[in-house]
Amino acid sequence: MQIANPKQLNKIRKEYLAKQDQYPKKIMVCCGTGCIANGALKLVDAFRDILKKRKIKGFTVEALKETGCHGFCEQGPLVVIEPDGTFYSKVKAKDVEDIVEKSIKKDEIIEKLLFTDPVDKKKITKYNDISFFKYQKRIALKNLGKISAHSIDEYIAYGGYQALAKVLSKMSQDEVIQEITKSGLRGRGGGGFSTGRKWKICKDIKAEAHYVICNGDEGDPGAFMDRSIMEGDPHAVLEGMMIAAYAIGAKQGYIYVREEYPLAVTHLEKAINDCENLGLLGDNILKTGFSFSIKIARGAGAFVCGESSALMKSVAGEVGEPRAKYIRSVVKGLYDQPTVLNNVETLVNVPIIIDKGADWYKKLGTPKSSGTKVFSLVGKVRNTGLIEVPMGITLREIIYDIGGGIIDNRPFKAVQTGGPSGGCLPESQLDLPVDFDTLTEVGAMMGSGGMIVMDDRTCMVDVAKYFLEFLVSESCGKCVPCREGLFQLLKLATKICEGRGEEDDLEKIEKLSDNIILSSLCGLGKSGPNPIMSTLRYFKDEYITHIKDKKCPAGVCRDLITYEILDNCTGCTACKPVCPVNAITGNKKELHVIDQNLCTQCGACFAVCNFDAILVS
Amino acid sequence: MINITINGRIVQAEEGEYLLSVLKREKIDVPALCHHDAVEPYGGCRLCTVEITKKEWNGWSDYVTSCLYPVEKGLIVSTHSTKVNEIRKTILDLYVARHPNSPEIKELAEQYGVFETTFETIADGDNCTLCGICTRICDEMGFHAISLVGRGHGKIVAPPLNEAPPDCTGCLSCALNCPTNFIKFKDEGDYRTIWGKKFELITCSQCGKKTITKEFAQYLSDNRDIPYEYFEICDECHRKQTALEMGKIANWTREEQS
Amino acid sequence: MNHNFDKLHEIFDRHPKTQESLIAVLQDIQKEYQYLPSEALTETSKVLDIPLSKVFSVSTFYNSFSLNERGETVIKVCTGTACHIRGAKLIKDQIESLLNLKSGETSKDKKFTLEEVACVGACAMAPVVITNDKYHGSVKVSNVKKLLKAK
Amino acid sequence: MKKRFIVNPSTCTGCRNCELACAFVHAENGKLGKSRIYPIDGGFKDLWVPVACLQCDDAACVKSCLVNALKRNPETGAIELNHDICVNCKACVAACPFGCSLIDEQHELIVKCDLCGGDPACVLFCPTKALQYKPIDNKTNKIAV
Numbered sequence: 001m002q003i004a005n006p007k008q009l010n011k012i013r014k015e016y017l018a019k020q021d022q023y024p025k026k027i028m029v030c031c032g033t034g035c036i037a038n039g040a041l042k043l044v045d046a047f048r049d050i051l052k053k054r055k056i057k058g059f060t061v062e063a064l065k066e067t068g069c070h071g072f073c074e075q076g077p078l079v080v081i082e083p084d085g086t087f088y089s090k091v092k093a094k095d096v097e098d099i100v101e102k103s104i105k106k107d108e109i110i111e112k113l114l115f116t117d118p119v120d121k122k123k124i125t126k127y128n129d130i131s132f133f134k135y136q137k138r139i140a141l142k143n144l145g146k147i148s149a150h151s152i153d154e155y156i157a158y159g160g161y162q163a164l165a166k167v168l169s170k171m172s173q174d175e176v177i178q179e180i181t182k183s184g185l186r187g188r189g190g191g192g193f194s195t196g197r198k199w200k201i202c203k204d205i206k207a208e209a210h211y212v213i214c215n216g217d218e219g220d221p222g223a224f225m226d227r228s229i230m231e232g233d234p235h236a237v238l239e240g241m242m243i244a245a246y247a248i249g250a251k252q253g254y255i256y257v258r259e260e261y262p263l264a265v266t267h268l269e270k271a272i273n274d275c276e277n278l279g280l281l282g283d284n285i286l287k288t289g290f291s292f293s294i295k296i297a298r299g300a301g302a303f304v305c306g307e308s309s310a311l312m313k314s315v316a317g318e319v320g321e322p323r324a325k326y327i328r329s330v331v332k333g334l335y336d337q338p339t340v341l342n343n344v345e346t347l348v349n350v351p352i353i354i355d356k357g358a359d360w361y362k363k364l365g366t367p368k369s370s371g372t373k374v375f376s377l378v379g380k381v382r383n384t385g386l387i388e389v390p391m392g393i394t395l396r397e398i399i400y401d402i403g404g405g406i407i408d409n410r411p412f413k414a415v416q417t418g419g420p421s422g423g424c425l426p427e428s429q430l431d432l433p434v435d436f437d438t439l440t441e442v443g444a445m446m447g448s449g450g451m452i453v454m455d456d457r458t459c460m461v462d463v464a465k466y467f468l469e470f471l472v473s474e475s476c477g478k479c480v481p482c483r484e485g486l487f488q489l490l491k492l493a494t495k496i497c498e499g500r501g502e503e504d505d506l507e508k509i510e511k512l513s514d515n516i517i518l519s520s521l522c523g524l525g526k527s528g529p530n531p532i533m534s535t536l537r538y539f540k541d542e543y544i545t546h547i548k549d550k551k552c553p554a555g556v557c558r559d560l561i562t563y564e565i566l567d568n569c570t571g572c573t574a575c576k577p578v579c580p581v582n583a584i585t586g587n588k589k590e591l592h593v594i595d596q597n598l599c600t601q602c603g604a605c606f607a608v609c610n611f612d613a614i615l616v617s
Numbered sequence: 001m002i003n004i005t006i007n008g009r010i011v012q013a014e015e016g017e018y019l020l021s022v023l024k025r026e027k028i029d030v031p032a033l034c035h036h037d038a039v040e041p042y043g044g045c046r047l048c049t050v051e052i053t054k055k056e057w058n059g060w061s062d063y064v065t066s067c068l069y070p071v072e073k074g075l076i077v078s079t080h081s082t083k084v085n086e087i088r089k090t091i092l093d094l095y096v097a098r099h100p101n102s103p104e105i106k107e108l109a110e111q112y113g114v115f116e117t118t119f120e121t122i123a124d125g126d127n128c129t130l131c132g133i134c135t136r137i138c139d140e141m142g143f144h145a146i147s148l149v150g151r152g153h154g155k156i157v158a159p160p161l162n163e164a165p166p167d168c169t170g171c172l173s174c175a176l177n178c179p180t181n182f183i184k185f186k187d188e189g190d191y192r193t194i195w196g197k198k199f200e201l202i203t204c205s206q207c208g209k210k211t212i213t214k215e216f217a218q219y220l221s222d223n224r225d226i227p228y229e230y231f232e233i234c235d236e237c238h239r240k241q242t243a244l245e246m247g248k249i250a251n252w253t254r255e256e257q258s
Numbered sequence: 001m002n003h004n005f006d007k008l009h010e011i012f013d014r015h016p017k018t019q020e021s022l023i024a025v026l027q028d029i030q031k032e033y034q035y036l037p038s039e040a041l042t043e044t045s046k047v048l049d050i051p052l053s054k055v056f057s058v059s060t061f062y063n064s065f066s067l068n069e070r071g072e073t074v075i076k077v078c079t080g081t082a083c084h085i086r087g088a089k090l091i092k093d094q095i096e097s098l099l100n101l102k103s104g105e106t107s108k109d110k111k112f113t114l115e116e117v118a119c120v121g122a123c124a125m126a127p128v129v130i131t132n133d134k135y136h137g138s139v140k141v142s143n144v145k146k147l148l149k150a151k
Numbered sequence: 001m002k003k004r005f006i007v008n009p010s011t012c013t014g015c016r017n018c019e020l021a022c023a024f025v026h027a028e029n030g031k032l033g034k035s036r037i038y039p040i041d042g043g044f045k046d047l048w049v050p051v052a053c054l055q056c057d058d059a060a061c062v063k064s065c066l067v068n069a070l071k072r073n074p075e076t077g078a079i080e081l082n083h084d085i086c087v088n089c090k091a092c093v094a095a096c097p098f099g100c101s102l103i104d105e106q107h108e109l110i111v112k113c114d115l116c117g118g119d120p121a122c123v124l125f126c127p128t129k130a131l132q133y134k135p136i137d138n139k140t141n142k143i144a145v
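Chains as they are written, first to last, in the working numbering: chain A, 1 to 617; chain B, 1 to 258; chain C, 1 to 151; chain D, 1 to 145.
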C-alpha cells in the first residue's frame, strides 16, 4: 500500500494508536545485542506462549514489544512494563510466569527483579527514577526501548516521518540547510564539523550525482551507540538520510555498517523494505517528485574505514586506503561525485531539529556545541552503558551522578575519551564541561563518544601501549609516518612497559609523535599519538617510575610485578587450575605457593582469588 | 596562470596544478620516493612534505605533500623550513630503521643528513618500501598483475594467491622502476622469470638478439593493433631492412636521373 | 579440501556484477564455506570481471576475511578498550592455554579457531567472548572452561 | 608553414657526421649519448641511407606505449619521448618497424629522435645536404622554394 500524501501518514498513526490504546499495559522486552546474549529471546518466546495460550483479558501478543537497546546491557535482559515504567533487570525465562501473574494481571511489583542502586543499595521500581536514566536527556535515543524495533507503523505512530513530510511538502532545500545550520548541529562522529555547512558546500557543487552516506562503522573500541540506534531505531536513521538527500539533491544513499553488527544489518534491511513498500523510499516519494533509495554497504573489519575517504573506497568494493583530502569528499567523494558523509547519531538528530525547530535545539548544550551527545560510559564504573547528555555537562556529573561512581569505591584515576584518537584525562580535569572544543584543548577529543573510566588498578603506560597496539594493527600501511612511526612508538612504549625504558625515550616519543601528527596522510595517523601524548602530559610520573624504578604502581605491566600468595590463603584451590603455566602448587586446605620462575605474571590467580590472599608488588 | 611564492620567489603555475610539478619545473630539489610521473601521485612516503601558508591565514601554516597539493592563488610555500627538514629527517630515520640493508635508502637518507637511525633497527627488514610504484604502473599499463597485499606493517607487494600471476606479461616495468631494486627477475637464454613465472623471450629472426617477451608482444598486438610481425626482428635489423628498402627507391631514382 | 562450488553461482546471482558488490560477495562466500577458498576468489574475479590481484588485495586487507580454513567453532575474544580494561587479555591467555592455540590459529583437529576482534559493540557487558554467533557477556577467568565446553 | 625532415640518400656519402653530431648533442654527464640516426648500406654500390625516425602519422611506438610517454610536438611535428613518464618497458623499441626507438645502454634510457626540438644537429653537420629540415608547401608537398 503506497501512501500518497502526508495526510495518509497521519491516518496510519491514528489507526495504530487506537489499536494500541486498547491494551492497558505493554510489555517491552529489550532485544539489543547485549540482552539477546543474556537470553532475551527466550523471554520473548515465554511471554508469547503465555499470551497466546492463557487468553488474558484485554491482552494479545500485540502488547508484547521487542524493543531496541536501552543501553544498560550489564543489567540485561531488561523488561519494562509500560505505561507505568516498572523496570525489571536480569530477568530469567522462569520469572516470566511471575511477571504476567503479578505485574500484568495485577499491579504488584516483583521485588527481586528490581534494579538495586549501586550507591545506596536501594531497590528502584520506576525506569525514570534510576540514576542512570534520570540525569539523561534522551532525544537521539528517545525511541530506544520505547518502541518496537521492527515496526514502521509504530515508528510512524510515535511521530516518525512527520519531519520528512514537513520537509517534502513545505520546505525548500535551502530552508532545510538553514534550519540545520542554525541549530548548530556538529558532526557526532568526532569531526565536529558543522553539518549544515557540509550540506551547503555539497549541494552547491554541480555534478551528475550526489550521494548521502551514513557512517555506521563505529570503529572506536568502547563505543556502541551507533549499534543501538541502528538496531533499535533504524527508521530514525533512514528519515535523517532522506532529509539530507532532499537537502543536497541526492538520489542514492548508502548505510555503511560494521561487519561486527549483524543484528543492525537485519533491522536496517527490514526498515528499508518496509519504507519501499510504503512508498517512503524509491521513486516520487509522497508524490513530491523526490526520489531516493538506500543500499546497505557492509564493512568487513577495518577500523581505518571509519575515515571518510577509506569508507568510500570500501563502499565501492575496494581496499580501504584513505586518499589525500586536499579536495574534500563533499566536493569529490564516492565515485568522485559530491558526497555527504554523516555519522549515525548526527543523522538521527536531523528529524528532531526539523520537528522541534533549530531554536528549541539550540537551547540544549553550549553555544558552540549545541544539542546533546551520546556517550558509551564503560570500564570501571558501576552503571555502564549508553548515556545521552546535553553538551557542557561535566565529566564528574557523568561518572558519579549517572555512572554511580567507581566499582568497589576504588579511587578514580583517568577517563579516556575519543577512542584511539582521543586522550586520557586525570582527576584534575573532572570538572571540565564536555564539548567539542574544550576536550580538544586539553589534549583529549570528543571522538564518537567512547568514555572509558579507569581506576587505580589501570596502568597508563599500558593503556598507551594498548592503543598503539590497536593502531599499529589497524593502520592501512599506506603512509610511512603512520605505518613505521606508530610501529616505532609502540616499540618505545613496550620498552618502557618491559622495564627496558631509558630516560631519553620520553623525548624520542614526543619528537616522533609530533612529526607523525604533522606528516601522516589521514586521521588515524594524525591522531594516533594522542593517547600516548596525553598520558605523558598528565601521568609523566608514572612513566618515570617505570623507567627509573622499574616498577608498575598499578600492578599491570607483567615484567615489573610479582605475584605471591600470602599466609591468609585458605587452600580453596581456585587459583591452581586457572594458572596457564601451572606455576601454582599446593593441596586442598593448605597454603599454595607460586613458582616464581614459571610464573608469567598474567594475573589469572589474582582475578579468581576471593580471599585477597595474593599480593601484587 | 597564477602566481605563487616558493621560498620567497614569485613563480608562475597553472591553477590546480600539483605543487610538486611546479617545484620540479623550478629545479627545487624535494625528495619524492613514491612519485613516478607515469602514474597518479600516491602520497605514501610523505617525503615531499612542504610547509604552506597564505597571507589570510595570518601566521598559521600547514604541512602538505606537494605531490598531491593543487596550487591556488596566493599560496606561500617553503620547501626547506626547519619543521619541514625535521619531518623529512624523521621519515628518513624511520626508513633507515625499516630498511637497514638498502643502499638506495642509505644514499637518499645521507643526502638529507640522516646517517644512522635513532630507532630500533628492524634487522630482517626487506627493501620494499611499499611505495606502490610497481603496482600502480602495472595497473596503468592495464595488466593489474600484482597488488599490495595485506594491511599495515605486514603489507607486501605480491601476485594474487602468492602464485605465478596469470595477468603478468613479463614486461619488467615493475622491476625497472622500483626505487630500491627489490623486485627480482632473471633473463637467461630464451627465458625470463619474474614473480615465479616463466616467459619466453622473442629471438630476432635475423640476428638472434633477445627482445621482449612473447606474452607482452601478444598483448600489444591484440590491444594496440600492432601487427605481431613487427616484433619478430630486433630494432637493429629493422634499421638495416629500412636502409635496404629505401636503398631500392634511391637506386631507382639515381638510375632514372642518369 | 574440495567443496561443491555450485553454491558460488547462487551467491553471484544475488549481486549486481560490479566492483561495488565485491565485499558483499566475499562475505557471502565466507558465510557459506567459513573461509575464502582460492578457487572461489578466481571465480569471483571472472564473474565480477575484476582483476584477480584486486580481489586478492581486498580479501587480505579486511580482518573478517580468512584465506585458510577455520575450525568448526570460531572463538572471538573482544579486545576493545572496555574489555581490555576489564581483563580481556586474561581471558585470551586462558583460552590460549586451555586449547594450546595462539590467537589467529586453528587447532590441528579443526575444532577451534581463536581470533581477536577489536570491539563488537557490547561494551556494557565487557569482557565479551563470541563463539560462532553466540555472545557471552561479563566472562570471568573461572568460567572460561565451561564456556568452551558449552559451545 | 610546417617544416619537414627530408632524407635524400642519393647525396649521402656515408661519412656518419650526422651520427656523431647526434651522439654529441645528446651527451650527458660526460658520456656520449646514443645516436638516433644511422647511415646504413643501401644495398647498391656507393649507396648509403641515413635511417632516422620518420615521425609516422599512425606511429606504432605511440600505440605501443601503455603509459602515454610518447606525444607529438605540434610545432616540430616530432614525436617526443618524456623520460620522466617512460617506464623503460621497451615496447616501442620492439614495435617500431623502422627500428628508430633505441636503447641507450649507457644511460639506461629509451631514446628516439625529437628533431632536437626544431633545430636538428644532424642537418647542420651533414656536408652534402642529404639531410634537410625545410618548410614544405603543403599543397604541392614539395620543398617550398
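Please note that a few of the clues may not be correct.
To be verified - Taking beta-carbon pairs under 8 Å as the criterion, some of the chain A residues facing chain B (in silico):
1) 22
2) 23
3) 360
4) 428
5) 506
6) 508
7) 593
What the hints assert, rightly or not - Chain C stretches covered by chain A per the calculated footprint, using a threshold of three residues with CB under 8 Å from any CB of chain A:
8) 99-111
9) 127-136
Claimed, not checked - Here are a few chain D residues that sit away from chain B, every Cβ distance over 10 Å (derived from the structure):
10) 69
11) 84
12) 86
13) 129
Hints were generated in silico from the structure; no laboratory data involved. No residue lacks a Cβ here, since even glycine has one placed at the ideal position from N, Cα and C.
Hints, one by one, checked against the model:
At a threshold of 8 Å, the smallest CB-CB gap from residue 22/A to chain B is about 56 Å, leaving the interface hint violated. With its C-beta approaching chain B no nearer than about 52 Å, residue 23/A sits outside the 8 Å limit, and its interface hint is violated. Of the supplied interface hints, the one on residue 360/A is violated, with its beta-carbon coming no nearer than about 36 Å to a beta-carbon of chain B, more than 8 Å. Against a cut-off of 8 Å between C-beta atoms, the interface hint on residue 428/A is violated, since the closest Cβ of chain B lies about 29 Å away.
Below 8 Å, beta-carbon pairs count as interface contacts, and residue 506/A has none with chain B, the closest being about 14 Å; its hint is therefore violated. Given hint, residue 508/A at the interface with chain B, holds; its Cβ is 7 Å from that chain's nearest Cβ, closer than 8 Å. Taking 8 Å as the C-beta contact cut-off toward chain B, the hint placing residue 593/A at the interface is violated, the least distance being around 38 Å. Judged by the Cβ-Cβ criterion of 8 Å, the segment 99-111 of chain C is not covered by chain A as claimed, because only 0 of its residues qualify and three are needed.
Only residues whose beta carbon comes within less than 8 Å of a beta carbon in chain A count, and the segment 127-136 of chain C has 5; three or more means the coverage holds. With a minimum CB-CB distance of about 7 Å to chain B, residue 69/D fails to clear the 10 Å threshold, and the non-interface call is violated. For residue 84/D, the requirement that its beta carbon stay farther than 10 Å from each beta carbon of chain B is not met, with the minimum near 4 Å. With a least CB separation of 7 Å from chain B, residue 86/D falls inside the 10 Å interface cut-off, contrary to its annotation.
Against the 10 Å criterion, residue 129/D stays outside the reach of chain B, whose nearest CB is about 15 Å from its own CB.
Hint compliance for this structure: hints 1, 2, 3, 4, 5, 7, 8, 10, 11 and 12 are broken, all remaining hints hold.
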